[in-house]
Amino acid sequence: MRVFVVHYSEIALKGKNRSLFEKKLIENIKRKIDAKIRRESGRIIIEDDNAEISESLKKIPGIKYFALAEVADLDIEEIKEKALSLVSGGTFKIETKRSNKKFPLTSIDINRIVGEYILNKKNIKVNLKNPETTVFIEICDKQCYLYTEKIYGVGGLPCGVSGKVITLLSGKKSALASFLMMKRGAEVVAVNFSKTNDVVSYAKKLSEHHKIKLYIIPKIVSREEMIRIANEIAKKENAKGIVVGDVIPESGDIESLSKLYSLSELPVFTPVICFDKIEYPVEIFEREPVSQTKIIEFNN
Numbered sequence: 001m002r003v004f005v006v007h008y009s010e011i012a013l014k015g016k017n018r019s020l021f022e023k024k025l026i027e028n029i030k031r032k033i034d035a036k037i038r039r040e041s042g043r044i045i046i047e048d049d050n051a052e053i054s055e056s057l058k059k060i061p062g063i064k065y066f067a068l069a070e071v072a073d074l075d076i077e078e079i080k081e082k083a084l085s086l087v088s089g090g091t092f093k094i095e096t097k098r099s100n101k102k103f104p105l106t107s108i109d110i111n112r113i114v115g116e117y118i119l120n121k122k123n124i125k126v127n128l129k130n131p132e133t134t135v136f137i138e139i140c141d142k143q144c145y146l147y148t149e150k151i152y153g154v155g156g157l158p159c160g161v162s163g164k165v166i167t168l169l170s171g172k173k174s175a176l177a178s179f180l181m182m183k184r185g186a187e188v189v190a191v192n193f194s195k196t197n198d199v200v201s202y203a204k205k206l207s208e209h210h211k212i213k214l215y216i217i218p219k220i221v222s223r224e225e226m227i228r229i230a231n232e233i234a235k236k237e238n239a240k241g242i243v244v245g246d247v248i249p250e251s252g253d254i255e256s257l258s259k260l261y262s263l264s265e266l267p268v269f270t271p272v273i274c275f276d277k278i279e280y281p282v283e284i285f286e287r288e289p290v291s292q293t294k295i296i297e298f299n300n
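Under full-length UniProt numbering, think of the first position of the sequence shown as 1, with each following residue one higher.
No wet-lab data here; the hints were simulated from the structure.
Where is the CB? At the ideal position from N, CA and C, for every residue including glycine.
Incorrect hints may appear among the rest.
Stated by the list, open to error - Below are the DSSO-like pairs computed for lysine-lysine, each with C-alpha atoms no more than 27 Å apart in a straight line:
1. 172 to 102
2. 101 to 16
3. 129 to 150
4. 164 to 24
Stated by the list, open to error - What follows is a list of derived Cβ distance ranges for each label pair:
5. 85 to 17: 38 to 46 Å
6. 100 to 267: 22 to 30 Å
7. 81 to 128: 33 to 41 Å
8. 149 to 253: 30 to 38 Å
9. 219 to 34: 35 to 43 Å
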């Protein structure tokens, strides 16, 4: 039996809010994955080994890393056999985390016992600095999980724990700004004033990370009017801020942008304002059709 073991990103740093954040992350995972999901010892366990799950987990904010793991009972003999099956040759090391402090062996004991067992069974060597294979062993409350590969996610916080924001979505920079706000736990509602294919594509790409609603207003307006309309939509959506993809000096200087933002009743967030063009990680917004974007079009 194999399962996905998911490790949170910054959730563990949030003290009393940890349980709330864990529940939100599980809720977000369930939007993407149809499988039995539970919490165990500060981890999320997905009881399914479908390879497609991996692609979804890579894109969900709040996940630091995850692994497709073998499952063993809390028995050192079974753990030894499972670990042995994960090592094929070359050099190796054992790395154990013992969340279940009732387990009779310490992490160091487990590393030594399992390592010695593998050495006696196979003609291979230990390399603690640069092994070809690392067997990760996690001793949890109910079961033990073993794997050799960590797959890293986007990190950050689960979408929805920091409230909702309105994004003026017009291109790559504002798409990136939206993504960065998602990673800080914000749920994004996008507003666009052109309805170009690129903008719809960016919105759909963002929806791979979390659901997104897109308002399209097919009307040419000034930037001042965009800020005003964004504030009106924020009232309707109960959003707490406005997000823009402005960059200095492309979008204006500090004085002109300050005057523009002062027109907003809500705080204006500028996640990419100091980025150089070479720093835009825009490859995450390559055009690709996705079907989780709710589009609302306004004619008035």
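Tell me if the straight-line CA distance from residue 164 to residue 24 falls inside 27 Å. holds (14 Å)
Just to be sure I understand the hint, the distance between the Cβ atoms of residue 85 and residue 17 should be within 38 to 46 Å; is that true here? For residue 17 against residue 85, whose Cβ atoms are near 39 Å apart, the range 38 to 46 Å holds.
Assessment of proposed distance window 35 to 43 Å (beta carbons of residue 219, residue 34): 40 Å Cβ-Cβ, so the 35 to 43 Å window holds.
Would the pair residue 129 and residue 150 pass a check requiring their Cα atoms to be no farther apart than 27 Å? holds (17 Å)
Take the C-alpha atoms of residue 172 and residue 102, compute the straight-line distance between them, and say whether it is at most 27 Å. violated (51 Å)
Using the Cβ atoms, figure out if residue 81 sits within 33 to 41 Å of residue 128. Since residue 81 and residue 128 have Cβ atoms about 23 Å apart, the given range 33 to 41 Å is violated.
Is 30 to 38 Å a correct range for the gap between the Cβ atoms of residue 149 and residue 253? violated (48 Å)
Are the Cα positions of residue 101 and residue 16 separated by 27 Å at most? holds (22 Å)
Okay, residue 100 versus residue 267 on CB: inside 22 to 30 Å? With a Cβ separation near 44 Å, residue 100 and residue 267 fall outside 22 to 30 Å, so the hint is violated.
Of the numbered hints given earlier, the model fails hints 1, 6, 7, 8; all others are met.
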